[in-house]
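Throw the hints in and build the complete structure from the sequences for me.
Protein sequence lines correspond, in order, to chains A, B and C. Last residue of the first sequence: 393 in this note's numbering, with the numbers rising by one and none dropped. Last residue of the second sequence: 388 in this note's numbering, with the numbers rising by one and none dropped. Last residue of the third sequence: 228 in this note's numbering, with the numbers rising by one and none dropped.
One or more of the hints may lead you astray.
Claimed, not checked - Facing chain C, a subset of chain B residues (Cβ under 7 Å, in silico):
hint : residue
1    : 292
2    : 298
3    : 299
4    : 300
5    : 302
Hints were generated in silico from the structure; no laboratory data involved. No residue lacks a Cβ here, since even glycine has one placed at the ideal position from N, Cα and C.
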Amino acid sequence: MQTILAITLMNFRSIGNRIGTSMVIVVGIACVVGVLIGMLSMSKGFEKTLKGTGTDDRALLLSAGVLSELSSGIGPDTLPLVRSLPGIKRDAAGQPLASGEIMVITELKKGAGPRPASVNVALRGVEPAGLAMRPEVKLVEGRLFQSGLNELIAGRQATQQFEGVAVGNQLHFRGSTWTVVGIFDSAGDAHESELWTDANTARNAFGRTGASSMLVQLESAASLQTLKDAVTADPRFRLDVTTERAYFTSQTQNFTRQIGILTTVVAVLMAFGAVFGALNTMYSAVATRRVEIATLRAIGFGGLPVVVSVLAEAVVLAVAGGALGAAASYLLVNGMTVSTLGQNFTQVAFSFAVTPDLLVRGMTWSVAIGFIGGLFPAVRAARLPIVEALRAA
Amino acid sequence: MKFFGLVWAMLWRSRARTWLTLASLVTAFLLLGLIQAANSLFSGEQINLSAPILITQARVSFTSPLPMRLLPQVEAVPGVASVSHSQFFGGIYQDDPRNFFPQFAVNPERWVRTFPECVLPPDQEQAWRTTRTGAIIGPQLAQRFGWKVGDKVPLKSQIWPLKDGSRAWTFDIVGIFGSKVADSCARVGNMYLNYAYFDEARQFGNGGAGIIVVRIANPDDAEAVGRTIDAMFENSADETKTQTEKDFSLNFVRQLGNLKLILYSILGAVFFAILMLTGNTMLQAVQDRIPELAVLKTIGFTDAHVLGLVLSEALFLCVLGGLTGMLLSVATMSALANAPGIAFPPINANLQVWLFALGAMLLLSLAVGVWPALRAWRLSIVDALAGR
Amino acid sequence: MTALVSLKGVSKTYTRGKQAVPVLEKLDLDIAKGDFLALMGPSGSGKTTLLNLIGGLDRPTAGSVTVDNARIDQMSGGQLAQWRSRHVGFVFQFYNLLPVLTAEKNVELPLLLTSLNKAQRQKHVETALEIVGLRDRAKHKPSELSGGQAQRVAIARALVADPTLLVCDEPTGDLDRKTADEILNLLQVLNKQHGKTIIMVTHDQKAADFATHELHLDKGVLVEQSAA
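Structure, rendered in structure tokens:
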């Protein structure tokens, strides 16, 4: 054990001679790990935003079989019936905490410059209960919209991602004009990419009846089942009931899958490239140390110390690279906000999230690459015919 | 050139090293090719859609159907050759979202008129028109699921429930259309349903045409006709936005976000890494061969000769690895396009991509070769022979 | 008869860092055409340096070096390279063959610098290999040749462009007695039958006995000249 340590340390001390070569491993793996973590942090961030939307004690009712609120519709006759279903909590005045919400697609511009893209942004018409039920929604600027007027409040991300969204500004879409009267925060979830107004105002402005969906506060987590049973039992309803959080979580699928494919392809290829590079470099390193290694073995040191020392060098360099890449990724990308298409074909803004588990994953990759890249050269070094190596001196 | 043999032999001085470096280069350029393909896909270059087609959608969102009564008005616009309409069906096949493919409810007769580049045998066209539940599919779709004429395809529409509330629709394949001229029909992965049946059977939205598809007589009129159409409906309840089909698709893609930035960042990182690796390899290679290069100089090879030999070696290495990687990426793309079960559009690596890759190879050769080449140029025969 | 090679007042000093190390001091030397000269001396005496100057691998710090009426001490690096390709053939102690090339490709190397076409080059290579008796090993790589065979290939390479001079630095230093004698015999044949002028550095007296002239160098100064 002591010999192994001694040889390994000796090896590290001589790295100075091979600094150029060693840098190749460090930088190469830094690039691989950096890119990987960067890409994974994109899906992490998207997931975080959506999975962080909604709670488990609120339920969302949509028409049966739809994938998103946009395609859902609850008729005006059905609405009052849904409100009186069992399992829904009531407020102090005995009124059900239920908000029939209307989803309207609007169009805003994204990106400054000569050709900004026209993007679709969700306008959500909420009932007063909808605000009461969502304590995470807080007004941070301006005031709430007044019913009867074309006023709306905008989520914080909406103000940052889209053009012209600021308190006092007017937005024009679908033939009507609206005034932004306030900005709200919603703990960084998907609602921050939306515009909110009063449900009745929306109905009148766009000639709609009924609602797209209904959000209800459950009496307790267990009431979900009660609600579901009541809905199933009644033939008048064809509705799906899920917790609000479950609904938003399911919205992440497409994007995460697509990014997942891209990430996998890039990651696999880059990892291969990194392994080839590491092998190449370590073979070189071993070659430059050939005489030294042969001398050690001629003196009587066994193969194991040699293997360990070479392997250790490769792994340490790889880990250094991994740490460098992870740090770079974190500094460059963490917190960067972008927006993309959500399931509703409307924009969802999210931030890249370089989480600790991603960093761990990146480091694991680098250890693996370093290990593979060092193993073959290490074994080779240990088995080199001594005489041949010494003769080359 | 007579020095080719020498450069080639020198390249293989250390077999393991050369193979590994080539492997890294191939990997890097394979990645380059794939990323370029993805990039061209997302920047709309791959959209093989001809200018004569315009899409008229509801101004705010293409998800809002336009009413049927707009059709004759659009038809009357000068420059319009024929008008069709299309409603996205949004069906899932066998409950698996991975089986996704686009389905559109269209009017058969209008469809045939508007897309003459997509050919349907007359008997199949007849069958489509007369069969209520009839649907036609493109050849790529037929290949993907192994469908033939006569097969029944059950689809669950995420958007449109039937009058009884269920979402389970069933359609009969009555025809498979093809391209008039190779690849002229870009809709090979789609299914087209009979609109009349669809409109009658659906629970709501009846009378909604979806988007309006306009074929213009002269591609140059695209902008003018588009503006005329939109002007017609301005300030009405059905404001429209008309753009070429290409722009329509592009706008959709642009909403996905700034993918170009991401893709190019990846590329940048990859190339930086490969530059370091190959550069180091070349340096090592030259370092090991100092005595041999010295011998060449004693024989009478000038400093310039030796510099040239090293640069050539770097060039061979990068071009060999690069071309192999690019060819592999092309092969991968075509394999993916033909793979059953995956909806992948055929992406052709165009001239621009190849030029970019070749440029990258040349630049790389120069970057990795210049330092070792100078080393070789500068080496002193006497010192090298003496082992210093 | 004017000498083929003529050195007059040649000095060579190396600068190692701040120190100037004189190796040769005001040396005069004449070598006639057709000579087979053995240069001997202890290590550090400067014989390799002298060889390098005669072979045009290095330039003197002072003095003149004339080979076949050309002042090679006044040539630029590029001119020297060209001069070497036409006038000098080198043979080294460790053969210095390119391990990646076959014997015949190694021999062909100097001809790549000429304007001969492929067929012509091939003919010269075959002739050279014939002279050293290795036609049958033409397609072998250096790793597949014995020490003696490799040295023969090196000699063939040195000959192939029909140079004025053959310059050999310890050509038998790495060979056993028997093989060394074969090589030295070959050199003698080249000298006597083909009229090649050969300058050979050696520390082996037995090798020097094969030469026609012998020179001793000690601390950069010629000590004794003797005819064998």
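Hint numbers not upheld by this structure, sorted from lowest to highest:
Going through the list in order, the structure violates no hint and respects every one.
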